[in-house]
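K.L.:
Sequence:
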Amino acid sequence: LLTKDSKQRLGCQEEGATEVKRHPFFRNMNFKRLEAGMLDPPFVPDPRAVYCKDVLDIEQFSTVKGVNLDHTDDDFYSKFSTGSVPIPWQNEMIETECFKELNVFGPNGTLSPDLNRSQPPEPPKKGLFHRLFRRQHQNNSKSSPTPKTSCNHLVNSNHISSNSTGSS
1 LLTKDSKQRL GCQEEGATEV KRHPFFRNMN FKRLEAGMLD PPFVPDPRAV
51 YCKDVLDIEQ FSTVKGVNLD HTDDDFYSKF STGSVPIPWQ NEMIETECFK
101 ELNVFGPNGT LSPDLNRSQP PEPPKKGLFH RLFRRQHQNN SKSSPTPKTS
151 CNHLVNSNHI SSNSTGSS
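For the sequence shown, UniProt numbering begins at 1 and goes up steadily by one.
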């Protein structure tokens, strides 16, 4: 999965995810239960681990002393695409403030309302079904009195006409 060349990477061929699911590591996994959160993933990366892009980064931050990495190690590590972003690039992004518009704050630099968990959640938006049902309900309530009124009118008019004919 971490092979740098996408032509050799598992799951990047014509079969896509099917190829990954057939791999011996994943073969016995129930992906529907995994996606539903009913099954723990077989591997969860350590959030405290340092994922480095090149061997020099590993040498700088390694807590193990006395380990020397040579050219063969460098060749080995270059085959993997870890998805990490080098520190100089991160610093450049911070300095140019290209993501500044993504930082939205509340009044006086407080937490934005959508991230504040002490605030009550916004009421859910009313969707199409609610609008259709509301219209249907309104139409029923508007049309309901009319037949009753006309029926009452007919009953009352018949009652009056029968009384008027009966007395004459």
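Don't read these hints as lab results, they were simulated from the structure. Quantities reported herein were computed from a predicted structural model and do not represent experimental measurements. Don't be surprised by glycine CBs; every beta carbon is placed ideally from N, CA and C. Certain hints may be false.
[Stated by the list, open to error] Pair by pair, the computed Cβ-Cβ distance ranges are: (1) Lys100 with Asp73: 38 to 46 Å; (2) Phe25 with Ser78: 37 to 45 Å; (3) Phe25 with Lys79: 15 to 23 Å.
[Stated by the list, open to error] BS3-like cross-link-like pairs, simulated, lysine-lysine; straight-line CA separation at most 30 Å: (4) Lys7 with Lys79; (5) Lys32 with Lys4; (6) Lys32 with Lys21; (7) Lys21 with Lys7; (8) Lys79 with Lys100; (9) Lys4 with Lys126; (10) Lys21 with Lys4; (11) Lys100 with Lys21.
K.L.:
Evaluate each hint against the coordinates.
P.N.:
Verification of the supplied hints:
1. Lys100 with Asp73: 38 to 46 Å: Holds, since Lys100 and Asp73 (Cβ atoms, about 39 Å apart) stay within the stated range.
2. Phe25 with Ser78: 37 to 45 Å: The hinted range 37 to 45 Å is violated for Phe25 and Ser78, with Cβ atoms some 23 Å apart.
3. Phe25 with Lys79: 15 to 23 Å: Check passed, 18 Å falls within 15 to 23 Å.
4. Lys7 with Lys79: holds (13 Å)
5. Lys32 with Lys4: holds (28 Å)
6. Lys32 with Lys21: Cα-Cα ~12 Å, so holds.
7. Lys21 with Lys7: Roughly 18 Å between the alpha carbons, so the hint for Lys21 and Lys7 holds.
8. Lys79 with Lys100: Not OK: Lys79 and Lys100 at ~34 Å, beyond 30 Å, violated.
9. Lys4 with Lys126: violated (46 Å)
10. Lys21 with Lys4: Answer holds: Lys21 to Lys4 is near 20 Å, not above 30 Å.
11. Lys100 with Lys21: Given that 30 Å is the threshold and the Cα spacing comes to 40 Å, the pair is violated.
Violated hints, listed in ascending order, are 2, 8, 9 and 11; each of the other numbered hints is respected by the structure.
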